[in-house]
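Dock the two chains into a complex; use the hints.
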Amino acid sequence: MATTTPAATAKPVEEIDLARPRQPLWQRIDRYLLPVFTLFAIGYLLVPIAVMIVFSFNKPEGKFNYAWNEFSIQGWLHPFDWPGLGGSVVTSLAVAVIATIVATILGTLIGLALTRYSFRGRGTLNGVIFLPMATPEIVMGASLLTLFVATALPPLAGSVPLLYPTGFGTIVIAHIMFNISFVVVTVKARLTGFDRRLEEAAMDLGADELTTFWKVTFPLILPGITAAALLAFSLSIDDFVITNFVSGTTNTFPIWVYSIQRNALPVQINVVGSMVFLGAVALVLISSARSGGIPRLR
Amino acid sequence: MTAAATTAPARGPGFRRRFASAVPWLLLAPGLLWLLVFYVLPVIQMFTYSVSTGSIETGFTLTMSPDAYIEALTKFGKQFLNSILYGGAATLFAFLIGFPVAYSIAFRGGRYKSLILFLVIAPFFTSFLIRTISWKILLGDEGPILGPLKHTFGILPGGFSLLGTPVAQVAGLTYNFLPFMILPLYVALEKIDPRLIEAAADLYAGRREAFRRITFPLALPGVFAGSLLTFIPAMGDYINAELLGNPQTRMIGNVIQNRLLVQNDYPVGSALSFILMAAILVAVAVYARALGTEQLTG
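Order-wise, the sequence lines are chains Y and G.
Here the first sequence is numbered in the numbering used here, starting from 1 and rising by one per residue.
Here the second sequence is numbered in the numbering used here, starting from 1 and rising by one per residue.
In isolation and in its complexed conformation, chain G is listed as follows (with noise of 0.2 angstroms):
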């Protein structure tokens, strides 16, 4: 546009400039309307819902009530336990399967580059949902996996199941959101300029030594993009706990699942998504800081 504006013959200099200054806002108008309307407004109409109160035969009324939140807080603290602590599992897992796959892509990777990153999204071709439905195939209790090793090699007894423990439901979690941990790690330690790795040597840091000091701290902004992309859709994941593990392992995202669309609970499960919203970006801003912090010491 600068280029433009210099080249071009000038035909009222005010109103070119006047009009080159409109053109971003003319570009983003469109779509920030579609977001504004689509995505900023719903969470405003939803915070207004969790203090309403009414029913969906009356309509709601703002009443400013807590009732919505008080209820949402004690009755499923078990739900809300469970969000975090298989969420922040299927995490770690994603971390711990994850480094390696886009360590080895990044610097090993060599030809084969491409295809394995090929690879690591094929998954996305498939739906979520027919996924999640093979793993209840897989770990079926007479299934590819465990038929075999009940029967074959005898090595479980007859009675043991996957299906419907919290197992089953970290696997498939961990397993739906591994590529998000892929990719931004592989992302990350792409970037890295192995001259860096190999100063390193130069100053006499072992591998190892290498590995901890250069490579890792400079991986830390695909640590922090990768974590949070599985943390995130898996604490809100409700496929999982319906499809692979049993009542009792039920996430904050099946209760809300079931008080709006089966029960017309709108303040209670307004309030839920909305504590669900608020915890994670809380959990986003203490978790930047910790890696932040990291970075500039580490």
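If we strip away everything but chain Y, and leave its shape as in the complex, we get (with noise of 0.2 angstroms):
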């Protein structure tokens, strides 16, 4: 802004700033009430993992883990200590795994697609892709609930195997479906500043297409590749909305906390949510890490 002007250029706006009165206001706004509001905005989006956090190292009096009663990390020392969690936790993060790896390959081919080739339909498509993106989720989990229970019934009636009833295939099937278009937009983003001097570099020095493929272009899209199956993966062990349409009996780490709540609140929730989200964060110190060093290679 104007503080990084050059001195040259911003002679005039001086003047004109000493010809006419200053607008403190705006400026100690700018200066001042600006960073003090930007904390309290931070501050409001932490409180909820701050309290998660402290909470997971309660000792709840009854049932429910919603007042602050005594220091205990009994939550912690048993984790899973609860009928059922143990079970939704790995029934996630498989969940979790299949569609990450799923999504991840079908996403970037289609981002390869849409960014390496011009054929016709590519404008239309490119916008399409996003319309996974902007439906409400409860509007995917419903139809999505639609068509697998129609395929149970007349006229179809048990010819379509496997979709009902509803369970772990039919999640990994919905989390992959969401999962498409957010890999697809990552991966672009990865794409659009790939420098294509770099394979045609490889193949002057004689590496064939797919040699050039391997050894230069996949390289230095897998950065945005990761990212994709990070941003999946964390999409996927968090959803719930959908989740809950599709998931019939099958119970996922998010679905069993929604089942329980209203019988019980125990503390091993927030001890597992809190772990989650401790991991996640290392995951993504670590890989950010990592793919900082990428550049100063280059």
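Listed below are the simulated DSS-like cross-link pairs for lysine-lysine, each with C-alpha atoms no more than 27 angstroms apart in a straight line:
1. G/LYS136 with Y/LYS63
2. G/LYS136 with G/LYS78
3. G/LYS113 with G/LYS191
4. G/LYS150 with Y/LYS59
5. G/LYS136 with Y/LYS59
6. Y/LYS188 with Y/LYS215
7. G/LYS136 with G/LYS150
8. G/LYS113 with Y/LYS188
9. G/LYS191 with Y/LYS188
Far from chain Y by the CB rule (all over 10 angstroms, computed), these chain G residues:
10. LYS78
11. ARG111
12. HIS151
Keep in mind that the hints were calculated from the coordinates and are not lab data.
The structure displayed is predicted, hence computed values, not measured ones.
The beta carbon of each residue, even a glycine, is placed where N, CA and C say it ideally should be.
See below:
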């Protein structure tokens, strides 16, 4: 902004500022109010996380971990000590891993096609690929459920296997579906800044197309693919709305929390939530440290 | 690919060219097929059920009956209104909080830029459901906020409560979708060439003037994206209404969930989802037009 203006061009501005009464209020807002406001907003974003972590050390008086009682590390010593909790965490992880792998592959292929090839319908496709991201989750969940139910009712009635009753398989199908667009967008962002001359150089040096792809292209877009996979994984492990429609009697962790929170709120929910949070933060820190190293190498 | 086509030895140029033109489609096929079967097809199925009659026991037959739509529109006007009202309020608050934050990160972030951005997305590393439960703890009648205000400071009467009110619900909605507002705003603001603002200053625009005529109009694509990314999920949400609101503040998502998962009323549940989707598409179109023209004339 004005502060970065080179001295030569800034001169007339200063004259004007002197000529006309300054706007001290505006400036004060700019200098003090803005950072303070930002700090508060960040606080607003982080307070519930802090509450989650703090209350994971609570020893609740009754079945509900809503009010602070006394400090205890019992929850952390027995993080899965509640029927169904451990299983739901395992299910969540399994769903997230499978959905992430499949969605990352499918999405990366679409991203490659959209950025490196021109073909008829590319413009339309570039827009259409956003649709699943712009559709309310509840509509996607509801519509998937109608499809799955329809495979079990006449006229189809069992001619399409595996989709009903809903369960692990349908959760994975749904997660792959909503993850694809996010992967495409993330990979595309990485590919647009890609220097095609690097590939040309490789081929000038005698590498064929496949070698060029695996030795040059792939390593360069790998950070984008990793970022996309991380995003897909976190979306998948957190998803509640869509999963709730297609999970049947299978419990992922969020579904389990939802079904139990009416009757009890064990401290273990906060413990597992904190573990997931800390694990995710660690993962991101590691991967950003890694991808931060790549530009330096170049 | 163009580079490959020119440097590769001519091994049947016709075949090569035809293969090259098929490559993008080969890359697209698996992902698009997945989206076709599990995104497009379900919406068609949902529409079919919305104009069908029958029950989960006997199956549904396509009768083109508008009954489900009539029931959806006459019985649930209040819930639709709540969705628009609370979703809209949450979007507005998210904008009012998010814009200054995005502005600070983009223009004042300095070396803390990535740290602040990381803090903004940190809530995504915890389950949406657990964060909402944290709000329930925070806003509880004897919780960390109301407790001290009632007993230590005596500002509030003992019977005062926030949980189960629209205030808590909107606070929760705003909170849950705030990062979706901040990130696109940040991306848009970050892209702005600071020389444009300097130029405005050179042309005698004050800070306020430069903000109003340069910075804000250039940030409009971010405002557009951010509002949609906030409004769409907020409008379809049913967790905040269930955990933080009361039966009077239920939103359309609660009804859809109840009809499809509890009552197995597929026609009405489908009709409601379809109306929600259509309403959002119309809102997006109107909003795009409004912002678009403003951008041209502003």
